[in-house]
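Participant: Just so you know, the sequences run in chain order U and A.
Per this note's numbering, the very first residue in the first sequence carries number 1; after that it's consecutive.
Per this note's numbering, the very first residue in the second sequence carries number 1; after that it's consecutive.
Hints are computed from structural coordinates only; laboratory data are not their basis.
Quick caveat, the model's predicted, so the values are computed rather than measured.
Even glycine gets a Cβ: it sits at the ideal position worked out from N, Cα and C.
Treat the hints with caution; some may be incorrect.
[Claimed, not checked] Restraint-style ranges between C-beta atoms, simulated for each label pair:
id: 1; chain 1: U; residue 1: 124; chain 2: A; residue 2: 429; range: 55 to 61 angstroms
id: 2; chain 1: A; residue 1: 423; chain 2: U; residue 2: 220; range: 57 to 63 angstroms
id: 3; chain 1: U; residue 1: 223; chain 2: A; residue 2: 423; range: 54 to 60 angstroms
id: 4; chain 1: U; residue 1: 169; chain 2: A; residue 2: 263; range: 35 to 41 angstroms
id: 5; chain 1: U; residue 1: 181; chain 2: A; residue 2: 336; range: 25 to 31 angstroms
id: 6; chain 1: A; residue 1: 209; chain 2: U; residue 2: 166; range: 36 to 42 angstroms
id: 7; chain 1: U; residue 1: 105; chain 2: A; residue 2: 429; range: 49 to 55 angstroms
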Amino acid sequence: MFYREAGDFKTSYAADSQTFPIRLDRYGYYTTLAIAFLFVPLVISDYWANALLLPFLIWAIASLGLNILSGYCGQISLGTGGFMAVGAYSSYKLMTAFPDLNLFIVILLSGVITAAVGVLFGLPSLRIKGFYLAVATLAAQFFLVWLFNKVPWFYNYSASGQISVPTRSVFGYEVTGAEANSEAKYLFILVIVVLLAYIARNLTRGRIGRSWMAIRDMDIAAEIIGVNPLLTKLTAFAISSFYIGIAGALFFSVYLGAVEVGEAFGIQKSFLVQFMIIIGGLGSIFGSFIGAAFMVMMPVLLKNIMVGQLGWATDIAAHFELVIIGGLIILFLILEPHGLAQLWRLTKEKLRLWPFPH
Amino acid sequence: MKLSKLALVAAAAITAASPILAGELVFPSLSYRTGPYAANGTPVADGFADYFTLLNERDGGIGGVMTKVIECETGYSTEKGVECYESTKGEGSLVYMPLSTGITYQLIPKVTADDIPMLTTGYGRTSAANGAVFSNVFNFPANYWQGASVAVNHILDQENGDIKGKTIALLYHNSAYGKEPIRTLEALAEKHGFDLTLLPVDHPGQEQKSQWLQIRRERPDYVVMWGWGVMNQVAIQEAANIKFPMDKFIGIWWSGSENDVIPAGAAADGYKALTFHAVGTDFPVFEDIQKYVVDAGKAAGTGENVGTVLYNRGMYGAMLAAEAAKVAQKMHGVAEITPSQMRDGLENLVMNDEIAAAIGFGGFGPNFEVSCANHGGPGLAAVQQWDAANQKWNLITDFMAPDMDVIQPLIDEDSAAYAAENNITPRDCN
């Protein structure tokens, strides 16, 4: 009744092809943005920022990146953790080598460096497909982690092999380091997330995105109609790695502040992002966000219910957490193999017809 | 309607900050009873919790104020460690003891910014011993560089003081923890003229075939191990498989618990490890633990860990924290101390025979004094050897002093670098 296209007249091509053609969607989007930018910083606490919102936003960037590669271009990758490590170590080297460089530029350059590395490891995708490509990217994961552990130059020869972030500020507000306010950290990441999501959304419905999807759906057919597989696959790898590199740089510099590569960017991180996009929905921007939210917030929520409210022993709660999350993943995938984004899409379909479904 | 209600409940649960109860001394326990390091994390967490239970049951808390242990499961993961820190710091937490070098590195800047002390007994960042730079971090009674030095001293004793041309292999967990001793061992290698071979083992440490193949091929004279969790058990089993002489295989104090040697059975006999406190249950405090905690059914675990190496270590850490709280109460004249006052207590902590005997810990650990400049203690450590037939550890040396001539310059250098990197002006400690 309220949620419908009818009556929402478009008078220009721009209005006709906008991201949210339905008025209610559009208002919802603007409201979400307004709340995220104006209201949340007023009420945010250290706990909310460091335990929930920062990891959620950072993982959302990583799953946007992987979704571009796997969901839109159909290339399987298990190297996400390794590419995040490239982003993190790039930002560390840039920050320590050029102390006066603006943090936005550091993060951007880290993304660019990761994109270059991603293209390098994406080259085999021209010859090998499917599971074999997954194994090739798995090699990238292990090689990169080994490299950052082995070569002391990457961690500036520190005794422990850890990298620790120096303090940097943006517009006079400290964003990295221990003294940084949660508000500043949150807003800094939020700006980047919104920009990247906007770019991703518009890339995927433009020419490049369509060529990715053509390759995903049937690469031979796409080649016949004139899509260049070399360029398409490599742009997917480059842009995906760019996103993942930015996620890694933020993960290290703003969120954790000190990392060691094996622990922070191990193979389990590659799987985590993979789960996020599968649960959220392959080939969906909204799915990347909701998948990240599910995987980041659900464990904390369960822990707080079981330990905080019910007073269970911490080890039993931790084990149950794994059981429940595993069970939920299986349940969701049985009920809706296309992820939470598809559930949302179906809800919207139903809402359009409501209350007269016939 | 139903959905929004559910969301409300969820939002309430996710914040989950239980109200601060007045009149409690809060000691957070960032423990790990799950994951690849659970076998070693569980007894430490049990010992820590049981000692505070004992204080509550026997003495009515510390200085008349009850203690409360908030446990938070980290699984040895730094991200969960951050979540645990943020969720517990608002509850009046007095001192953090994260039992993980990775989480320690993470928390050093945070605790300093929040003015909460952190005590890392026998782990963490070694150069935090320089209290002038690391105002809120304490790593007494011993740290990794001192451990490395004591291990080399023990080897020197075995070889009658001359190890020129000998080879020592360091088998280490490839993480911040395992890499800690490298710098000291390199300096010591230069001083004593031995060759150092580095053998990293990746997390979690189940795969060590290639490292032991190398040891079998090169036959180093001694193997020193910095391992944790499942890595220890696998290493000792592998050493037994290649028939490496166990008395030339020396672990750091985190590689010397019953969990590590029992799986290898009789083959582990003679394996050595360092320790910075005594082993066994021949101390008066254990009678109280048995009476007030275990027999009363209030033990954190099943009670079967009492007296094991890691249980004792957890209890020892809890005792040091409790003693520091007493010092803080005396210094500031209040019973309900703040984290900042707790920091002062840690900095003025004195352990001597008289104090130790009064709380049933006589002879359990070495004597030491903490000061503004020295947050690290003397670093005395002894060597214990596993007796597989009787299933027990025996101390085979006295508590030995490390070679501070080598270590102190390294500590000064590393802490100065940290201070420069982070714009810290060292405090004036005179």
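Participant: Now tell me if each hint is right for this structure.
Facilitator: Do the hints match the structure? See the list:
Remark: the range hint 55 to 61 angstroms for residue 124(U) to residue 429(A) is upheld by a beta-carbon distance near 58 angstroms. At roughly 59 angstroms, the beta-carbon separation of residue 423(A) and residue 220(U) lies within the given 57 to 63 angstroms, and the hint holds. In this structure the supplied range 54 to 60 angstroms holds for residue 223(U) paired with residue 423(A), their Cβ-Cβ distance being about 57 angstroms. Checked against the hint of 35 to 41 angstroms, the pair residue 169(U) and residue 263(A) fails, with Cβ atoms roughly 52 angstroms apart.
For the pair residue 181(U) and residue 336(A), the supplied restraint of 25 to 31 angstroms holds, since their beta-carbon distance comes to about 29 angstroms. In this structure the hint that residue 209(A) and residue 166(U) lie 36 to 42 angstroms apart at CB holds, the actual value being about 40 angstroms. The hinted range of 49 to 55 angstroms is not satisfied by residue 105(U) and residue 429(A), whose Cβ atoms lie roughly 40 angstroms apart.
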